[in-house]
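Here is what each chain is made of, one letter per residue.
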Amino acid sequence: MTTVAATAQVAHGHHDDRPFIRKYIFSTDHKIIGIQFLFVSLFFLLLGGLLAMQMRWQLGFPGKPMPGGGILPETMAPGGVILPEYYIQLVTMHGTFMVFFAIMPLLVGVYANFLIPLKIGAHDMAFPRINMWSFWTALAAGLVMLASLFVPEGAARAGWTMYAPLSARHDYSGAELGQELWSISIVFLGLSSILGSLNYITTVINNRAPGMTWFRMPLSVWALFITAILGILALPVLSGAAIMLLFDQIIGTHFFDPPAGGQALLWQHLFWFFGHPEVYILILPAMGMVSDIIANGSRKPIFGYHSMVFAIISIAFLGWIVWGHHMFVSGMNPTLGSSFMVSTLVIAVPSAVKTFNWLGTMWRGNLRFTVPMLNAVAFVAMFVIGGLSGIYMAATPVDMFIHDTYFIVAHLHYVLFGGSLFALFGTIPFWFPKMFGRLMSERWGKIHFWLTFVFYNCTFFPMHILGMAGHMRRIYDPTQYDFLKPYQPMNEFISISAFLLFATQIIFFVNFWYSLFKGKKAPQNPWEDNGLEWSLPSPAPHGNWAATPTVYRGPYEYSSPAVTEDYLPQYRKLPTDREPAMAPVAGH
Amino acid sequence: MSWWLPLKGSTFAGEIDGLFIAILVITGIAFVIVEAGLIWFVVRYRERPGRKAFYTHGSTRAEVIWTAIPAVTMVALGLVSNHYWVQIKGRNSIPPNAYPIGIHAKQFEWQVTYPGPDGKLGTADDFTVRNQLHVPAGRPIVLALSSEDVIHSFFVPQFRVRQDVVPGMDIKAWFQATVPGTYELGCSQLCGLGHYRMRAQVFVHTPDEYDAWMKRAAQGEASE
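Here the protein sequences line up with chains A and B, keeping their order. If you read the first sequence in our numbering, its first letter stands for residue 1, the second for the next number, and so on. If you read the second sequence in our numbering, its first letter stands for residue 1001, the second for the next number, and so on.
In silico DSSO-like cross-links for lysine-lysine, where the CA-CA straight-line distance does not exceed 30 Å:
id, chain 1, residue 1, chain 2, residue 2
1, A, 518, A, 23
2, A, 520, B, 1052
3, A, 64, B, 1106
4, A, 446, A, 520
5, A, 485, B, 1106
6, A, 446, B, 1052
7, B, 1172, B, 1008
8, A, 518, A, 446
9, A, 485, A, 64
10, B, 1052, A, 521
11, A, 23, A, 520
12, B, 1215, B, 1008
13, B, 1120, B, 1172
14, B, 1215, B, 1172
15, B, 1172, B, 1106
16, B, 1120, B, 1215
17, A, 573, B, 1052
18, A, 573, A, 521
19, A, 446, A, 521
20, B, 1008, A, 485
21, A, 521, A, 23
FYI, nobody ran anything at the bench for these hints, they're computed from the structure.
All chains, please: the whole structure from these sequences, using the hints.
Right under this line is the structure:
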């Protein structure tokens, strides 16, 4: 196997003569599955954004008919004026679609599938058919959730966190089928994530190429691996809780119904025991991939690779013991709040280590501002704001004031949009050539980046100020409160910024679709990157390598004095390199 | 429109704001260091042809420093926060002489039960008023919170007090208002389609005014 390794970089994959439907629809190829996840979750990202625009209309211009709102049925927006019952569906479904069907599959479904085998030198996932099932289960979950928008009484109405007993009893929420479909969809989604995670973990442990030791794995693979461990442990809790909720809704159990002996807080403990690891599922892969892009864009090795790995592991571990910080004012014993506060504050330490190490990576680099790099740097700049604002709510006495206000909305969007989504605006063009064999437009990418960066901050930064004023979340009409009336100009400003932010995303979508068919043909290694995936042609062929590649060094050997170029790929054999011992367990 | 925190209307509002400001200073310093460093590096180390980046894998000393400083800061912040948390929410935080008021939340209103002239809840002279919370200034108030249906949350921004009201649980929360005036009580936990209008008025009276109001209200003259 090792004898062919040196030529592996130019070798072609297996010839793929399967029919179209097996190749692109019911595919077991990890790259196709990743691309399927990409298309589906970009659709849900757009839908989630569209729901947010309607919320922003109502908040900026309460009670005024929404332009284009006339197409909505009378039960949602008669004459284009959004009804309160429709507004809380928007709140619920925006959060649900963005968390479960956009950001999570974009980071994990797309990149764990696409990148793990390519970056560790495997020919495919350990269980390709389970992988295919993972996609189709996720799609089924998404379609069920989508369908719930169109049933009588509309979609679920209890917020994406689905607090019981509002969610458990239809006489409280006013929705029936919509609530039940939410629970059913989440059970499917959980199953999909469990199947996916199982695959990612097994593949990383078993299918690494010779020479790909644990500490030669790129940080993207480390992050996706640790995320998969979080997923396989957290999603069963969510699925279990969703099944209990479904039973409360349809067969008359009373797990969450206090008058019948149930416990309202039980749902919150189950939900957040899943939910906080979920928060890290939504950010760790972004951190890992951003690390790859920043090293590449700085033309420098990652600063403190080992501590970056240990920071990922400690964030993931600490993520299990902080869920109570969502419940400081829930009626949970306040003494318990103290311990959750401490564990939460401790998470700031590995997060700070990662931030400073990214800065250390850029220090004395030779920074190339490609679109992926611009977005990766913006990720660091915005994640810092989201991370620091988390300290306010970790401090229990301050949380008592800012909990459930727009301060929280600002915080979570700085992490999820400023963090995860900016990372994705970097990763999508970065790996686009390896997916589709073409490059996305750099010029339109830069225009999209700058407009997004400005409108994003105009949208979300003022929400901190609203939160400091005490502006509650999830209220349909802030002008009901005298103390919020003076803030209406700010709400209008936020709404207009949000509309511009949404409009800017059209540039991204047009760039994406145009480049798919008409983009510049990509060379094999357009970013002069060190990863194994760049030893393959663009797009990467079915089966990846004809022969398993060999790995000679770590992933971040940029500007090494050993070579004249400023990059030294993991697969390039220098005369001084020795052949590695056989990998722990070789790929097929 | 204010760009700052609302009026400090309770005894612990000053402590909470002080902690907020302390965190603002700490995070402000961190923010400036990181963002200024980022901008400096972006400008200073932008690509120049023919130059190679400095080849290094890190520095243990630098990493120890930037691990230790946040760790020490966070532990200190945790200790200070916990000190105030115990004072405000701890097991023995409710002042023994606190004046009791019952709050029963239901979709979508606040039912406020007053102890009547005898100052005790659960006696015959109790009376209930919808969506009006009257309290005397300068006296600790203990709320007995209960819910008819779903989870609601008691929130008066000026008092810096927030407590979820959970069905099946009897939860107590306390505060001591300091500034007479009119405020608003809002529900801050999504409780259904009328969540946004689950609002009550809060009247903080001087002790004399409060006694006078109580006398009138107990005789049934209180307007709903």
